[in-house]
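Listed below are the residues making up each chain.
There are 4 protein chains.
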Amino acid sequence: MIRVAVVGVSGYTGLELLKILLDHDKFEVVYLGASENGGEIENTHPSLKSLCELSIEKADAKEIAKRCELAFLALPHKASMGFAKELLELGVKVVDLSADYRLDLETYEKFYCPHEDKEHIKDAVYGLPELYKDKLKGAKLVANPGCYPTATILGLLPFLHLLDENYPIMIDAKSGVSGAGKKCTEKTHYCCINENLFSYSPLSHRHEPEIKEKFFKSSGKEFDIAFVPHLLPLTRGMLVDSYCLLKKECNPIDILKEFYKDAPFVRIFEKPVDIKSSSGTNFCDIFAKRDGKKLFISSSIDNLLRGASSQAVVNANLMYGFDEDEGIPKYAYVP
Amino acid sequence: MIRVAVVGVSGYTGLELLKILLDHDKFEVVYLGASENGGEIENTHPSLKSLCELSIEKADAKEIAKRCELAFLALPHKASMGFAKELLELGVKVVDLSADYRLDLETYEKFYCPHEDKEHIKDAVYGLPELYKDKLKGAKLVANPGCYPTATILGLLPFLHLLDENYPIMIDAKSGVSGAGKKCTEKTHYCCINENLFSYSPLSHRHEPEIKEKFFKSSGKEFDIAFVPHLLPLTRGMLVDSYCLLKKECNPIDILKEFYKDAPFVRIFEKPVDIKSSSGTNFCDIFAKRDGKKLFISSSIDNLLRGASSQAVVNANLMYGFDEDEGIPKYAYVP
Amino acid sequence: MIRVAVVGVSGYTGLELLKILLDHDKFEVVYLGASENGGEIENTHPSLKSLCELSIEKADAKEIAKRCELAFLALPHKASMGFAKELLELGVKVVDLSADYRLDLETYEKFYCPHEDKEHIKDAVYGLPELYKDKLKGAKLVANPGCYPTATILGLLPFLHLLDENYPIMIDAKSGVSGAGKKCTEKTHYCCINENLFSYSPLSHRHEPEIKEKFFKSSGKEFDIAFVPHLLPLTRGMLVDSYCLLKKECNPIDILKEFYKDAPFVRIFEKPVDIKSSSGTNFCDIFAKRDGKKLFISSSIDNLLRGASSQAVVNANLMYGFDEDEGIPKYAYVP
Amino acid sequence: MIRVAVVGVSGYTGLELLKILLDHDKFEVVYLGASENGGEIENTHPSLKSLCELSIEKADAKEIAKRCELAFLALPHKASMGFAKELLELGVKVVDLSADYRLDLETYEKFYCPHEDKEHIKDAVYGLPELYKDKLKGAKLVANPGCYPTATILGLLPFLHLLDENYPIMIDAKSGVSGAGKKCTEKTHYCCINENLFSYSPLSHRHEPEIKEKFFKSSGKEFDIAFVPHLLPLTRGMLVDSYCLLKKECNPIDILKEFYKDAPFVRIFEKPVDIKSSSGTNFCDIFAKRDGKKLFISSSIDNLLRGASSQAVVNANLMYGFDEDEGIPKYAYVP
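Chains as they are written, first to last, in this note's numbering: chain A, 61 to 395; chain B, 61 to 395; chain C, 61 to 395; chain D, 61 to 395.
Among the clues, some could well be false.
Said to hold, decoys possible - Stretch-level coverage of chain A by chain D, calculated; a stretch enters the list once three of its residues show a Cβ under 8 Å from a Cβ in chain D:
id : region
1  : 109–115
2  : 323–336
3  : 384–394
Hints in this document: simulated from the structure, not taken from any laboratory. For each residue, glycine too, the CB sits at the ideal point set by N, CA and C.
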């Protein structure tokens, strides 16, 4: 059993990590960290009552290094890199769920802030298994992708070489509210979200550079992207709809099936995907349809699982050479 | 007081028509029609208890002609044209909420079925007041626009002459479930919609030709359109997000404000619109943003009001020369 | 036109007051007050864009006295009494939506805090029109009832004299989230409420003494009450289910119909009431059923309207001798 | 591995059975039955795509007897007993999720219809493990309890001997819509449920006799019960609030903790329980509070799991002497 720490355990992705790891056959959670001592975990997450005996400790890298081989960091962007650096220097492997190691240094500093761990960012592996499975094996630092980039990239990747680059890719993305985190704000107030829908940060969301960079690395091409995220009146799940132009006509379902024929956590549907069939699982469900050269791609994930915590555990499975699907949730929250 | 009939009163748009007309100062509802005798209206719509004494009658054109000058038809597509024809021949004016008179004959027959009222379809006025206010004055037959076309056209109209026609307009539309009607189906089951989102009829929805035809009539140009509707987990409201390419850069907010400076039921917002601020009203709220030549337009309406019943009463107001906003709901269902 | 102020206009009940008063034929809103200057009202309530030209001012009693005859106070409990006192001394009439004048002095001080306006609390009229219509005519200070007491009292009032006093009345009350106010808290976070239900303050909610006191004043009897409120996963509306024991068998529907035969805003249903049929209106819808001596009563209101703002305007109508239903919303937000 | 059949697999409880059994270490699903041949399971339940290779067969008892030792019947009331009888006579053990074997013959025939399997109903074990764990071991026919009775009985059971029998037990129960089944009806239409709440069959629901009978068998006392169920605007989960009178004062939390000290699937909370913390699990979460002699008990379960499918698998575990919690879901769908 690999002894692991979950740091940032009081948030939603921390909870999801715990729910997967507590019953995992290869990882044993021995440390729960947060910004403050938090007492029993059931005070923070009542649904874990009777399921976990551990208490929440004020996160301390040295203490983690004493007890654990691997740490999952579910910390806010910017807060994560300092902590990851310390852990890595102490020999602890890290799966980082923040944005801090997802981008090239230059891109990161352009869209976020000066980076505090220039040494390790170079070696971080971008944790999208369908793209970097080989590099993930044996990795010491994995940068877990954002939820929007995960769904967007998986949908578009098989088509990049077929697209007319003169036309931008238009991405209309919709996320459940849990993606906005546990913090209470005007935008997460029930009355603001319920019976409502709106876009936010249209054409200027920070996940846009993450998508562009990964497209460039995969295809060698710089695509023009319009990315518009929305908050949906539901708790979990994400649907990303992409609109683009093909250079020539093709059968998009065939292309998807061929591209993902060996991917255990991508499912290709021949009718429009919905959010519910992937909620509660690590699956990315994809549908695509063409009309002339216009191509529509719709991909669905659970924003907290495939978009964060279950993908993190898949990455950890790969780091240690375990089966990719070891302990990973597959059965959706349907109905 | 103009005596009016509401035919198809048992559905959602019939109910909304009643809610507006029962307190209208210029129209008096004297006839409620449906496919069968239905007894007291409160049996069908319990929320109208104590508010309306009329009973539902099996719809009969001759009877309507005896008692009414004007009829609102909230009937299914295809069923409407036969009834409208009979009414028109008996001298009753008609506001038709179905698709039957919205398109040119040729387009209609291509996408629907053979038309049964070739005589009147020629003279039907498309009831989008921002486009055809002059023709609506004195009209005898108004074809009330669909909800998707209303929101889409109002958002894009001010920009049509500025768009690069070499590229398609990509339209990602999201509707509340009430748009699917009162009929119980697998798709309207609570458990199918709640905590879910999916597209339907992507790239092949019947509202696509309606939008194209009106764009052509307004601009003289044939735009290529990709239209993808979605069902949202909410009852009422609609958000239409359009993505297109401009020929050259411009300030989209200025363009919208100028275009709609005299439109009492269009509001231009400088931050993303939401669904709730227009729910319960006849407003179409519009936001737009540009990045380089990429243009994003977001427009919001209440699908049952601006997308059907309140727009129908605005059209009736205009037919009779009343104030456009006479009796029209303006205060949203916020919070 | 009576010139009125709305103080506390940035909250939900403030917004609802405005939506009713802006189109009222007898009241003219000339002053919007809040704890701080707030600029144009549409900054605070975007849905009011183009509907109200007034700006929000830091609430000042002297300024209100200069411009207004009547003030609606939608302020927090405890904050309201100081402001009301000042207004009353300056000759401004007050409809107070807080708890500050609802109880007898002694009861108030037991459950809240020392009272700062002992002079006026004696003369405040409890604004439940079905109970105190005569006293409301000409009143200078109206204490608008809470939402829970409104629905509870209206449901139970007709039966009080028939109840077996040896047994408690058990009240299971369910409220939409808007009742918890606009403030962002853990309990109003979307993810806490959505797909969830829970009781809060069971057997110890502050509305319990309000209900008991009014029962005593109406019936001369001290009933034992168990009151348990719940937060529902919906924005507006309230259902209160009461369980009690009768002294002898009776026909509860007949009793309700007789009791409310002259009440324009109470509707008696012969099948279970729902929340939606009263949402958006001032109606209280009531259903009751008996099994042996066990009596079940279910009453539904819109918590923000009949439970606050529309009832406040009804009270103002009565104060000035206007028609009780002048400008009061009657058409529900169905579907 | 015990070979099992799931009959009635196209409904919600059938799906939940599959989700549990497909990964169960001791049971192997080898037969999927429904009223008609249904092809691949993913046609009926798209979320099972890639997770189950079996096809749906027209249910046939002889065929099941050839292949299986145990059958789970998720069939409608009345349809189940004929099928169960045939299976039992062929030597197949049965866990029946319908109402057909839950009651004594006489009670069943009074509230449902003549019983077709008078032979086996005598020996059926009521599958509430906290009550009948011993009898379940080795049982051949288990009658799985209804969802309302499960939550109600578990909440009240520890207090029955302490209650004042002169006063009825008032039960205000609230269920998610999935409890109404997959069939599309007026009541399950999204627009009927969303933003709404209502009771149904108040004081006359069929689960009332089930509760009464089990109370009598446990306590020897005939309690008078008022049972009022409601439909909540959420998909899954159930909260049952019970109101009763104690003979004398006591500490309800202590009583609950003592009573359930050995029950692995009952959790006692010291603050009000919510629905979400048990959704997705087999837990029954219980809270209770006393004021004088008035006692309030609130119990929460997942209506499809503890109220149906996961309880059915717990019962099967017990029948075969496996660990009670073998393969049973424990981690809630929070957030």
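Results of checking the hints against the structure:
no. : hint    : result
1   : 109–115 : holds (count 3)
2   : 323–336 : holds (count 4)
3   : 384–394 : holds (count 5)
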